[in-house]
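Enquirer: Once you've looked at the hints, dock chain B against the given chain A.
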Amino acid sequence: MSALLHLLPFAPIDAVLVVPGVAAFILALIPQYRLGARVNMLASGLTFLFALTLLVERPDPTVSFLFVDDLNVVFIVLGTFVGFTTSIFSASYIGHEIEIGRLKPGYIRFYHGMYQALSFSMNLGLTANNVGLMWVAVELATLTTVLMVGLYRTQAALEAAWKYFILGSVGIALALFGTILIYMAARPVIGEGHDAMVWTTLIANAAALSPELLNVAFVFLMLGYGTKVGLAPLHAWLPDAHAEGPTPISAVLSGLLLNVALYALLRFKMLLAANPFAVAPGPLLVTLGLVSLIFAGFMLYLRRDIKRLFAYSSIEHMGLIAFAFGMGGPLANFAGLLHMTMHSLTKSAIFFAVGQVAQVKGTQKIADIRGLTESHPTLGWSLVVGVAAIAGLPPMGIFTSEFLLVSSTFAREPLLAIPLVFGLLLAFGALVWRLTGIAFGKPSPSVVDAGRRPSMLPLIVHLVLVLIAGLYLPGPLVAWFQNVARMLG
Amino acid sequence: MERFSLDAAHLLAGGMVLVSFMMLYQNRILGLLNVFAAHAVVLSLSVAWQAYIQSAPHLFVTAAIALILKAIIIPVALHHMVVRLGVHRDIETVGGIGPTMLMGIGLVALSMVVMLPAAAEADPIAREDLALALSVILLGLLMMVTRQNAISQIVGFMSLENGLVLAATGARGMPLVVEISVAFSVLVAFIVIGVFLFRIRERFDTIDTQALDDFREGRE
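Respectively, the protein sequence lines represent chains A and B.
Under the working numbering, the very last position in the first sequence is 489; numbers go up by exactly one each time.
Under the working numbering, the very last position in the second sequence is 709; numbers go up by exactly one each time.
Treat the hints loosely; a few may be bogus.
Stated by the list, open to error - Here are the in silico distance ranges between beta carbons for each label pair: (1) A:P188 to B:P546: 54 to 64 Å; (2) B:V602 to A:L457: 56 to 66 Å; (3) A:V464 to B:G585: 56 to 66 Å; (4) A:L302 to B:N638: 26 to 36 Å; (5) B:V675 to A:E57: 26 to 36 Å; (6) A:G101 to B:V675: 30 to 40 Å; (7) A:G489 to B:V602: 28 to 38 Å.
Worth flagging that the hints you see were computed from the coordinates, not collected in a lab.
Since the structure is predicted, the reported quantities are computational estimates derived from the model, not experimental observations.
C-beta: ideal position from N, C-alpha, C; glycine also.
Bound conformation, chain A alone:
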């Protein structure tokens, strides 16, 4: 395998950037929808394959702006996989949107080009070995998603894009100030210039950095990247952006972009944890996580739009993940990693289902979607399985991670376990209550004839993976996650 890799004209780590980067330009020139969708799938698939090779082949971190370690390879493989399956879903979904005239055919080149540009910027953010470059990549990812959210050019879509843009920009600005402070802290120790922003040198010298500056920097970084993660007081852009944009973008936002911001946050958390005099970053993350969890739990009951409902569920789960990483320790970190993986897979699967539901019913209003299991059995039952998984019912993977998280919290901080379990039950109740209305009862009329066969493949693949993870986690994966959990401290 690795002998074969040496035959390539470029390293696999460059390929995960080069493939989407080149594809973005090619797709910007393809006005035909079918060809564009195929090239998009092909490019996403290739990126995923190259990402897989990173598991065996690591580049030398001293020679490049990019680096791969055990932590970010998890994010890259997961991200490119969801990017690939979403591109398959997107092909049938966008085809239908063009048929009904919701999306103008002229926007196809723009949509596909932006899809790959987003993939490029996320991979850049995940592989960057420079905190400044990472910031630029997250900014680029924000800009591309803003443009995608406003794609339908309706009043609501433009408003959602605007809100996302303003809040995202403020978040990005605060993150930049934090990044500048990190550089200021590193400069007296590492010296002026590029080296003082390189992640690998930063972490190697973490103990010598000025703890006061690191503390202040972390506050800004947490507010800044936390806005992009969608943690509670800073989440306002997230539901609108999920509800008004095209559904493949909702899937990518929830499944990937939130993870990229979380990854940035985790990197800086590691930096602070490696400095013995800096404030412990854990309690801050735990607080924000719990606030997000409980706030989103209550908000779930008030949603009337199906995509907004699952957007709030994303806030809830990002809160859970932040809580897990904030708790720290091998077990909670393991639970956090597993939960992040399961959430990405499940939530994007749910958005695949919801996108088709919204198309066949012609609405996103929960009240107008009834009896789905009767009118569209495959779709309806897939949605039931997906929602059961996201609500944390056994035997799905999310149950495993939530169980691990709750039991480790009970063992270490029993008082924190009370709000945690309360939040979980709150969200569980809301989701089950909404699901019964959507899935069962007398079916509401459909606008699309049953003859149309959308691609169910990505949806089923994701759910099967989540189910397998719930029943049995392969040994190497467990060992890998345990290793990363130790790295995170």
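Expert: Below, chain B without anything else, positioned relative to chain A:
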């Protein structure tokens, strides 16, 4: 000379905080745009001074970007837009000048209290510059939350961004400063274009999208 270069750097950075305060109480958009142009001019001078005392010629590029783009092109473009949309005669309620100014003073005090001890080990130019830059950033945020109008919010965001550029140039030898200032200029350009499209759509296109919505509702 050492003493003088320090004082001049502080004077220019302090000037930006002062101009930020002036922005807080502008209740006419055109007046606000003029003050913002002044803000960008002071930023450009400050960056140029940093470039000179750090002997870092690439920072002159950042200064030139600040001067040409933020002090001339964007204010002029927004000026045209405001006149074209006919909102230039509107008087904006800024929510009581007194309380806003007091909050502004509180934020400046906060940034001094936070940054000066935290950056105690850094060199004096960077230390004071960081505190003043944080003041500019917080005042920009304050402006964004006290204003309702989209254009005023953008001006608030751009003044916030000026504070970031000030902080980045004050950090001696920081890499990627020029690239980041270019990346931010792209962001600002997007914002301005976005406002343009957004406002125009709001004014002329409402009927169209409404018809589309009715169509979707009607099908159900």
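Enquirer: Determine which of the earlier numbered hints do not hold for this structure and return their numbers in increasing order.
Expert: Result: hint 1 breaks, nothing else.
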